[in-house]
Amino acid sequence: MSGNAPTVNIKLQRAATLAAEITELYGYITAATYDLLVKTREFDEQKLWAGPGLVSCAHWLNWQCGIGMNAAREKVRVARALGALPMISAAFRRGEVSFSKVRAMTRVANPGNEDYLLMIARHGTAHHVEAVVRGHRRAARLGEPEAAEQQIESRTFNYHWDDDGSLVFSGRLPAEIGAMLMKAVQASIDRQEKEITAVTSDDRDSDDSISRHRERHQPVSKRRADAIAEMAESYLANGRAQSSSADRYQ
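Residue numbers 1 to 250, in my numbering, belong to the letters of the sequence shown in order.
None of these hints come from the bench; they were simulated from the model.
Just so you know, even glycine gets a beta-carbon here, dropped at the ideal spot from N, CA and C.
Careful, some of the hints might be misleading.
[As the list claims (entries may be wrong)] Computed list of lysine to aspartate or glutamate pairs in DMTMM-like fashion (alpha-carbon distance at most 20 Å, straight line):
{"id": "1", "residue 1": "Lys47", "residue 2": "Glu21"}
{"id": "2", "residue 1": "Lys183", "residue 2": "Glu193"}
{"id": "3", "residue 1": "Lys222", "residue 2": "Glu193"}
{"id": "4", "residue 1": "Lys47", "residue 2": "Glu74"}
{"id": "5", "residue 1": "Lys194", "residue 2": "Glu230"}
{"id": "6", "residue 1": "Lys222", "residue 2": "Asp164"}
{"id": "7", "residue 1": "Lys183", "residue 2": "Glu233"}
{"id": "8", "residue 1": "Lys194", "residue 2": "Glu176"}
{"id": "9", "residue 1": "Lys183", "residue 2": "Asp115"}
{"id": "10", "residue 1": "Lys222", "residue 2": "Glu233"}
{"id": "11", "residue 1": "Lys39", "residue 2": "Glu24"}
{"id": "12", "residue 1": "Lys39", "residue 2": "Glu74"}
{"id": "13", "residue 1": "Lys183", "residue 2": "Asp226"}
{"id": "14", "residue 1": "Lys222", "residue 2": "Glu176"}
{"id": "15", "residue 1": "Lys183", "residue 2": "Asp164"}
{"id": "16", "residue 1": "Lys222", "residue 2": "Asp162"}
{"id": "17", "residue 1": "Lys194", "residue 2": "Asp164"}
[Unchecked claim] Derived DEER-like restraints, expressed as beta-carbon distance ranges:
{"id": "18", "residue 1": "Arg155", "residue 2": "Asp190", "range": "18 to 28 Å"}
{"id": "19", "residue 1": "Arg155", "residue 2": "Glu96", "range": "42 to 52 Å"}
{"id": "20", "residue 1": "Glu96", "residue 2": "Met182", "range": "55 to 65 Å"}
{"id": "21", "residue 1": "Gly112", "residue 2": "Ala19", "range": "33 to 43 Å"}
Build out the structure end to end from the sequences listed, making use of the hints.
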């Protein structure tokens with residue numbers, strides 16, 4: 001055992017050395033990327049890329065630098081955004097935040113929130129920053145006066161009968177109606193769960209109890225399908241419930 005100790009120590013030291021070198025090099029790459037974007041912004045603003053067959057700075061980057069068009073467009077977008085974001089721009093220049101984080105932040109950043117976004121970027125991963133940005137964009141969309149109307153206008157329900165006779169369907173519902181539907185589905189699943197628990201508690205060895213135990217371990221997608229079927233049966237048996245919209249949404 002003691003003979004392996006020097007080998008383990010050498011590996012640990014090498015790991016620490018490589019980790020420090022990789023981190024340092026990536027800091028240089030990040031700072032260089034910042035310089036690239038600053039020059040790209042100037043190149044774009046003055047339209048120095050203009051030439052035969054070229055319609056944008058992104059096309060020039062694609063042609064001259066071999067950058068894919070989607071990546072080129074993102075670089076131009078981020079370069080433009082950084083001009084109005086001094087705090088993010090400074091942190092990026094110092095290599096404190098990666099391009100991945102900056103790219104995400106510039107989708108929603110403004111002078112009023114860039115300090116908050118930078119705090120997330122410095123203490124979290126790129127995934128954390130992406131999650132915050134997604135939440136911010138979603139909240140902004142829901143706050144728009146036209147959002148509810150757009151959701152209603154885009155509602156759909158499509159279906160077809162498969163070759164084996166199964167019904168296959170897809171749809172899109174406004175947020176509140178969707179939430180109401182999922183609440184009803186979950187209520188049906190919860191009721192089934194209570195019924196299964198009651199049966200299995202009464203007689204664990206009966207055929208019905210074994211069957212219910214198997215139902216409990218069905219994938220959630222199948223249990224949701226059962227809930228939809230139960231909701232349809234309930235509506236056909238009892239008709240439309242007489243309740244206010246407030247009761248339904250609650």
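Worksheet item: At the C-beta level, are Arg155 and Asp190 separated by a distance inside 18 to 28 Å?
Response: holds, 27 Å
Fill in: Hint check for Glu96 and Arg155 - Cβ pair distance inside 42 to 52 Å
holds, 45 Å
Worksheet item: Within 20 Å, alpha carbon to alpha carbon, are Lys183 and Asp115?
Response: Distance ~38 Å between Lys183 and Asp115 Cα, so the pair is violated.
Worksheet entry | 20 Å Cα cutoff - pair Lys39, Glu74 | holds, 15 Å
Worksheet entry | Straight-line alpha-carbon gap Lys39 to Glu24, limit 20 Å | violated, 23 Å
Worksheet item: Taken at face value, is the distance from the CA of Glu74 to the CA of Lys47 at most 20 Å?
Response: Status holds; Cα separation ~17 Å.
Worksheet item: Quick one, are Lys194 and Glu230 close enough, alpha carbons at most 20 Å?
Response: This hinted pair holds, its Cα atoms lying about 15 Å apart.
Fill in: 20 Å Cα cutoff - pair Lys222, Asp164
holds, 18 Å
Worksheet item: Lys183 and Glu233: Cα distance at most 20 Å?
Response: holds, 17 Å
Worksheet item: Is the straight-line distance between the alpha-carbon of Lys194 and that of Glu176 20 Å or less?
Response: Violated - the C-alpha atoms of Glu176 and Lys194 are around 27 Å apart, more than 20 Å.
Discussion item. Tell me if the straight-line CA distance from Lys183 to Asp164 falls inside 20 Å.
Written reply: Answer violated: Lys183 to Asp164 is near 30 Å, above 20 Å.
Worksheet item: Is the gap between the beta carbons of Gly112 and Ala19 within 33 to 43 Å?
Response: Holds, at about 37 Å.
In this structure, the earlier hints numbered 1, 8, 9, 11, 14, 15, 17 and 20 are contradicted, and the remaining ones agree with it.
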